[in-house]
Amino acid sequence: MATILIRIDSTPISAWQLLDQFEQEHLADNKLIGACSVFTGKMRSSNQDDEVVTMTLEHYPGMTEQQIRTQVDAVISEHPVDACLIHHRVGEVKPGETLVLCATWSAHRAQSFRACEEIFEGLKSTAPFWKKETLKNGDIRWVETNTKNPRP
Amino acid sequence: MATILIRIDSTPISAWQLLDQFEQEHLADNKLIGACSVFTGKMRSSNQDDEVVTMTLEHYPGMTEQQIRTQVDAVISEHPVDACLIHHRVGEVKPGETLVLCATWSAHRAQSFRACEEIFEGLKSTAPFWKKETLKNGDIRWVETNTKNPRP
Amino acid sequence: MTITIKYFASLREAQGVAERTFNSSEVTTVADIIAQHEMAFPENTLISVNQVYAYPETTLSSGDEVAFFPPVTGG
Amino acid sequence: MTITIKYFASLREAQGVAERTFNSSEVTTVADIIAQHEMAFPENTLISVNQVYAYPETTLSSGDEVAFFPPVTGG
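Protein chains in written order, with the working numbering: chain A, 1 to 152; chain B, 1 to 152; chain C, 1 to 75; chain D, 1 to 75.
This is chain A alone, in the form it adopts within the complex:
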């Protein structure tokens, strides 16, 4: 059974500290893990050539966690991993701060590489989060994309 932890929180985080804690709490005794892949996404101070001073993330409490979990389960059924940690910020975020952390651990590297990338892509295209930017010129706008309802 894989250890899966999905957290959504409004507190600024240190990705490296969370990874350190997670390994110590959940994987310290597992000497069969040979690979860990991590992706961290940070807020950039620029988007579509505009200077962004702050971003507010909204989500759908309950559905967001559940949708990420569905995605994680689907990916690791194809690329089995020993553990998966996902942490996503909501609320107000400043440039340079970590928005999202996605990490996977496995015996060999192929699984952790593939799972990390596919879980993150799935999260980006299906997890209900919405970003609203405040620009330096005072304008406020929703970030727009065109993701679809994922067909089951």
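Take the hints with a grain of salt, since some may be wrong.
Straight line, CA to CA, 30 Å or less: simulated BS3-like cross-link-like pairs of lysine-lysine [to be verified]: (1) B/K136 x B/K94; (2) A/K136 x A/K94; (3) B/K94 x B/K132; (4) B/K31 x A/K124; (5) B/K31 x A/K94; (6) A/K31 x B/K136; (7) B/K148 x B/K94; (8) A/K94 x A/K132; (9) A/K136 x B/K31; (10) B/K94 x B/K124; (11) A/K31 x B/K124; (12) A/K31 x B/K132; (13) C/K6 x A/K124; (14) A/K148 x A/K132; (15) C/K6 x A/K148; (16) A/K94 x A/K148; (17) B/K136 x B/K124; (18) A/K132 x C/K6; (19) A/K132 x B/K31; (20) A/K31 x B/K94; (21) B/K132 x B/K148; (22) B/K132 x D/K6; (23) D/K6 x B/K94; (24) A/K148 x A/K124; (25) D/K6 x B/K148; (26) B/K148 x B/K124; (27) A/K124 x A/K94; (28) A/K124 x A/K136; (29) B/K124 x D/K6; (30) A/K94 x C/K6.
Since the hints were derived computationally from the structure, they do not count as laboratory data.
With chain A fixed as given, assemble chains B, C and D onto it according to the hints.
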């Protein structure tokens, strides 16, 4: 110009602490980085169904650093990144300890994902390191593969 | 039957409320809600029923929670 | 000309030394070193000249550092 740091050292490391330090020292003021991809390889207590109690890594001082650098330069000319950190252990390593850390930072995720994976694959297949295992039954053996001279 | 409707992000702002209760005896699918909904939704609106992605043809039961939201921008 | 030869890992152990100096007037390529080398190398032996991967046909100059080593197992 990308910030590139390649270190080979015999001291046990915390990958997360090194990443934290590297970001603070080199990337704290760069608010245009939106993505960081990391791979860490750890020593497993098992290889080819044998229990391994310790591993000793040898390298070719000078050539190893240079070969990794050649590889990094080739990969980032195709997948431009803002920064790359590589740390590889040599000497004696115990199960559970981090053997290698490979991290890349870029504005958007495609570059950091591709560069991290390709740099690590290149390191594995061309950087002059050699592993010698001491098994629980007392046997000592070199880990064997069949990598080739990379054609320029 | 009674359906709870939730709106998120730009749709919540457009509706002016985050949630409303919808009572109707003439509803069997999400498409019926959309047809009877006061304000039209943008074409790229996403739908969930009981916190799982759903579609206009998804059948509803009394007590269901239906949400409408714009394309997602997490990560 | 004078060439420094280095051996690594299992080849170093097989040679019993990490490094030796090779003096010969009949050497122009790495292949010549291999031909005149006392002990045969395993077929999968890798070669470098001045710390860059090289090949049997690589031409040598006096003072070059030639290394022989087994396939690599880092990472």
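Hint-by-hint comparison with the structure:
no. : hint            : verdict
1   : B/K136 x B/K94  : holds, 12 Å
2   : A/K136 x A/K94  : holds, 12 Å
3   : B/K94 x B/K132  : holds, 12 Å
4   : B/K31 x A/K124  : holds, 21 Å
5   : B/K31 x A/K94   : holds, 10 Å
6   : A/K31 x B/K136  : holds, 14 Å
7   : B/K148 x B/K94  : holds, 28 Å
8   : A/K94 x A/K132  : holds, 12 Å
9   : A/K136 x B/K31  : holds, 14 Å
10  : B/K94 x B/K124  : holds, 19 Å
11  : A/K31 x B/K124  : holds, 21 Å
12  : A/K31 x B/K132  : holds, 18 Å
13  : C/K6 x A/K124   : holds, 21 Å
14  : A/K148 x A/K132 : holds, 19 Å
15  : C/K6 x A/K148   : holds, 18 Å
16  : A/K94 x A/K148  : holds, 28 Å
17  : B/K136 x B/K124 : holds, 26 Å
18  : A/K132 x C/K6   : holds, 19 Å
19  : A/K132 x B/K31  : holds, 18 Å
20  : A/K31 x B/K94   : holds, 10 Å
21  : B/K132 x B/K148 : holds, 19 Å
22  : B/K132 x D/K6   : holds, 19 Å
23  : D/K6 x B/K94    : holds, 28 Å
24  : A/K148 x A/K124 : holds, 11 Å
25  : D/K6 x B/K148   : holds, 18 Å
26  : B/K148 x B/K124 : holds, 11 Å
27  : A/K124 x A/K94  : holds, 19 Å
28  : A/K124 x A/K136 : holds, 26 Å
29  : B/K124 x D/K6   : holds, 21 Å
30  : A/K94 x C/K6    : holds, 28 Å
When each numbered hint is compared with the structure, no violation occurs for any of them.
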